[in-house]
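Q: Spelled out, the chains give:
Number of protein chains: 2
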Amino acid sequence: MSVTTPRGFRAAGVAAGLKSTGKPDLAVVVNDGPDQTAAAVFTSNRFCAAPVIWSRRAVADHRLHAVVLNSGGANACTGEAGLGDSAETAHHLAEQLGVDDHDVAVCSTGLIGERLPMDKILTGVDEAVVGLSGEGGMDAANAIITTDTHAKTAVFQGDGWSIGGMAKGAGMLAPQLATMLVVITTDLSLTADQARAALTASTEVSFNRLDSDGCMSTNDSVLLLASGASGITPDTDEFTAALAEICLNLGHQLLGDAEGSSHDITIHVVNAASERDALVVGRSIAASNLFKCAIFGNDPNWGRVLSSMGTTDAGFEPSRVDVSFNGVMLCRGGEIGDDRALVDLSPRECTVVVDLHAGSEQAIVWTNDLTYDYVRENAEYSS
Amino acid sequence: MSVTTPRGFRAAGVAAGLKSTGKPDLAVVVNDGPDQTAAAVFTSNRFCAAPVIWSRRAVADHRLHAVVLNSGGANACTGEAGLGDSAETAHHLAEQLGVDDHDVAVCSTGLIGERLPMDKILTGVDEAVVGLSGEGGMDAANAIITTDTHAKTAVFQGDGWSIGGMAKGAGMLAPQLATMLVVITTDLSLTADQARAALTASTEVSFNRLDSDGCMSTNDSVLLLASGASGITPDTDEFTAALAEICLNLGHQLLGDAEGSSHDITIHVVNAASERDALVVGRSIAASNLFKCAIFGNDPNWGRVLSSMGTTDAGFEPSRVDVSFNGVMLCRGGEIGDDRALVDLSPRECTVVVDLHAGSEQAIVWTNDLTYDYVRENAEYSS
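If you read the protein sequences in the order shown, they are chains H and D.
According to the numbering used here, the first sequence is numbered sequentially starting from 1.
According to the numbering used here, the second sequence is numbered sequentially starting from 1.
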């Protein structure tokens with residue numbers, strides 16, 4: 001159940017030798033049509049990687065025939081030479097598929113600041129093309145993971161149509177995307193505008209509201225490929241809702257597998273004057289190392305929630321703010337509320353509700369706790 | 001060598017029983033004049049603690065006769081009752097000194113969201129007043145520490161005058177101050193304007209450029225007390241330079257003792273279009289958990305420097321940026337530079353220089369690495 005669940009798609013994942021472990025590290029996803037409609041969202045980091053530059057150009061005409069993805073090297077901060085490597089990778093796959101170079105997107109993830117071993121990449125592409133199959137989605141999902149402990153896929157089954165997705169990412173998960181590669185496929189027939197609008201709306205309420213560690217990557221890419229093989233043209237709202245569900249599903253899998261985390265934290269800011277205010281407050285809390293360490297220690301430390309919020313310009317009166325941890329209102333009207341001892345933070349899921357009493361808007365931000373293992377993985381893994 | 005080094009000051013530090021360990025936890029500093037000129041800088045956190053609210057009012061007339069400081073409880077998020085506690089503390093000391101309540105500042109640090117045990121506070125004030133002495137500065141410095149491993153003091157010796165300072169703070173060190181209490185004394189005769197301008201300028205280039213963990217506290221206070229006991233009126237520039245030196249000295253002591261840190265990191269951003277741009281870039285790097293974990297792992301991970309900078313709106317061309325770690329230019333023109341293996345990150349001191357090639361302005365931001373011990377201390381210590 002993955003990117004090859006919708007009709008019209010083939011995929012493969014192979015071990016090209018980019019990872020020193022010998023594990024799969026190169027994937028290809030092909031859209032056999034009849035449509036090749038595509039949309040994409042990329043990192044807004046100014047040091048975006050060569051494959052992002054390439055793919056942004058490739059998708060500019062709202063059309064993609066295939067995507068080649070590799071782990072084991074980000075091809076970021078590699079200058080003109082790196083851009084040439086992405087172009088060559090696309091060209092190599094395009095030639096074998098008999099399509100235009102600019103109908104091939106390229107995604108890379110791994111260490112920043114090193115050139116890719118192009119001989120291995122090109123040989124890997126050859127091998128992947130031979131292995132392309134309508135059952136290859138899981139192999140592709142396995143080939144794009146890095147520090148992830150498992151592959152992430154999701155499927156939405158509509159009436160006569162479906163959406164499939166795969167994602168990788170286990171750190172650098174931050175607002176405005178992350179070290180995250182996502183490919184979503186559907187056999188619906190979409191206009192370019194439908195694809196773009198639905199993807200933008202869906203990422204805004206899902207991937208863009210994950211903040212695992214506040215770090216924005218150079219390589220984040222979310223691609224949507226529509227084959228039209230179902231022959232069905234969807235209602236835009238229905239499709240957007242289904243796509244958002246897939247994005248949220250994949251997003252929560254990323255968060256649940258975030259490097260070294262022991263808690264998944266939902267920060268729900270309610271009764272804000274605006275959605276923007278709710279988001280600003282939610283993100284300030286999600287970005288607080290002290291708060292995240294406290295959750296790791298199963299400490300419902302509402303003071304660290306307030307001290308984070310207090311740095312924002314969101315509209316609220318400090319003396320009216322309520323804060324609940326897992327349903328217990330520890331802070332009422334900006335002051336001491338119910339007893340901390342009533343809160344059980346031993347489950348992995350933790351929900352903090354912040355009531356601003358300033359309006360009727362709301363937003364949810366998701367994050368993780370800050371743990372020994374996060375530090376260990378990011379002190380030892382060079383990315 | 002501390003706040004009682006300048007003439008005209010007495011201090012004391014006692015164990016009032018606020019800390020469960022029985023260690024000293026209450027300090028008093030008295031300015032015997034002849035002047036009682038004062039200036040102060042406080043946290044900009046909107047959830048500022050009761051003692052901050054009290055002290056901001058007390059210093060509004062540029063005059064303070066004494067300061068009472070306690071560790072073992074922040075008196076933050078305690079509402080009107082907490083504000084009453086700060087007022088009562090000030091009143092109690094003022095009465096014994098025969099001064100006005102509003103000539104007494106109050107500073108508190110410790111756990112947020114709990115009332116102070118006022119009986120212990122008041123008894124402690126009584127004991128401290130009895131113990132006041134011209135040699136009491138070190139006792140006072142010892143009584144204000146929390147997770148600090150040692151007291152922090154500094155002295156600047158001028159020609160016939162001096163400045164003395166004490167500071168506490170070992171976490172929540174962030175831009176716009178921190179969980180930081182600082183008292184600085186001088187026997188110079190200052191005008192209110194001189195005191196205010198010098199303190200503002202000095203904190204801007206010292207405490208406000210420390211970012212240990214990105215978290216802003218509810219209780220930060222920096223107080224400057226001038227007794228005029230030397231009879232000397234200083235040149236404003238000379239005094240500001242000396243005061244800045246004291247603030248930098250204390251700031252670096254705070255950073256060197258930051259919770260669980262194993263590296264002191266200096267981020268020097270040069271050739272920026274403006275000082276603001278240099279600061280924005282420096283702070284984005286100092287706020288990156290991935291960068292800070294890498295330094296803990298002795299990994300000169302310049303990719304994480306670039307990916308942090310890439311999230312800012314500072315004026316620079318990504319393809320012109322150079323990044324050096326301890327003198328080795330690992331990134332040249334936004335691309336791979338010299339060999340990482342040339343960098344030795346085993347010393348505690350680490351310097352990252354970022355050359356934006358966009359102008360002639362510069363700024364320095366200081367931070368720490370992110371370590372197991374940081375997580376441990378902040379998961380276990382409830383603040």
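Treat the hints with care, as some may be off.
Heads up, incomplete: computed chain D residues facing chain H, CB under 7 Å, no partners named [said to hold, decoys possible]:
id: 1; residue: Cys-77
id: 2; residue: Gly-79
id: 3; residue: Leu-83
id: 4; residue: Gly-160
id: 5; residue: Thr-266
id: 6; residue: Cys-293
id: 7; residue: Gly-303
id: 8; residue: Ser-307
id: 9; residue: Glu-335
id: 10; residue: Ile-336
id: 11; residue: Leu-370
id: 12; residue: Ala-379
Rough simulated footprint, nothing fancy, chain D against chain H, three-plus residues with beta-carbon under 8 Å [what the hints assert, rightly or not]:
id: 13; region: 43-55
id: 14; region: 108-118
id: 15; region: 185-193
id: 16; region: 252-259
id: 17; region: 276-286
id: 18; region: 322-335
Among chain H residues calculated to face chain D with C-beta under 10 Å, some are [as the list claims (entries may be wrong)]:
id: 19; residue: Gly-84
id: 20; residue: Ala-273
id: 21; residue: Thr-312
id: 22; residue: Ala-379
Source of the hints: derived by calculation from the structure; they are not laboratory data.
Backbone N, C-alpha and C define an ideal beta-carbon position, used for all residues, glycine too.
Q: Mind checking the CB of Thr-266(D) against every CB in chain H and telling me if the closest is under 7 Å?
A: Hint violated; Thr-266(D) Cβ to chain H Cβ min 20 Å, cut 7 Å.
Q: Return the status of the interface hint for Gly-79(D): holds when the least beta-carbon distance to chain H is below 7 Å, violated otherwise.
A: 4 Å, holds
Q: A closest beta-carbon separation below 10 Å is what the hint needs, so does Thr-312(H) meet it against chain D?
A: 8 Å, holds
Q: Checking C-beta pairs, does the region 108-118 of chain H have three or more residues closer than 8 Å to chain D?
A: holds (count 5)
Q: Does the interface hint hold: is Ile-336(D) within less than 7 Å of chain H, judged Cβ to Cβ?
A: 5 Å, holds
Q: Can the hint on Ala-379(H) be confirmed by a CB-to-CB distance to chain D that is less than 10 Å?
A: At 3 Å from the nearest chain D Cβ, Ala-379(H) passes the 10 Å test, so the hint holds.
Q: Apply the coverage criterion to the region 43-55 of chain H and chain D: a residue qualifies when its Cβ sits closer than 8 Å to a Cβ of the chain, and three qualifying residues are needed.
A: holds (count 5)
Q: Close enough to count: is the Cβ of Cys-293(D) nearer than 7 Å to one in chain H?
A: 4 Å, holds
Q: Tell me whether the statement that chain D covers the region 276-286 of chain H is true, taking a Cβ distance below 8 Å and needing three residues at minimum.
A: violated (count 0)
Q: Is the shortest C-beta separation between Glu-335(D) and chain H less than 7 Å?
A: 4 Å, holds
Q: Count the residues of the region 322-335 of chain H whose CB lies closer than 8 Å to any CB of chain D, then report whether that count reaches three.
A: holds (count 5)
Q: Less than 7 Å between beta-carbons is the criterion; does Cys-77(D) satisfy it with respect to chain H?
A: Where the cut-off is 7 Å and the nearest Cβ of chain H is about 6 Å from Cys-77(D), the hint holds.
When each numbered hint is compared with the structure, violations occur for hints 3, 4, 5, 15, 16, 17, 19, 20.
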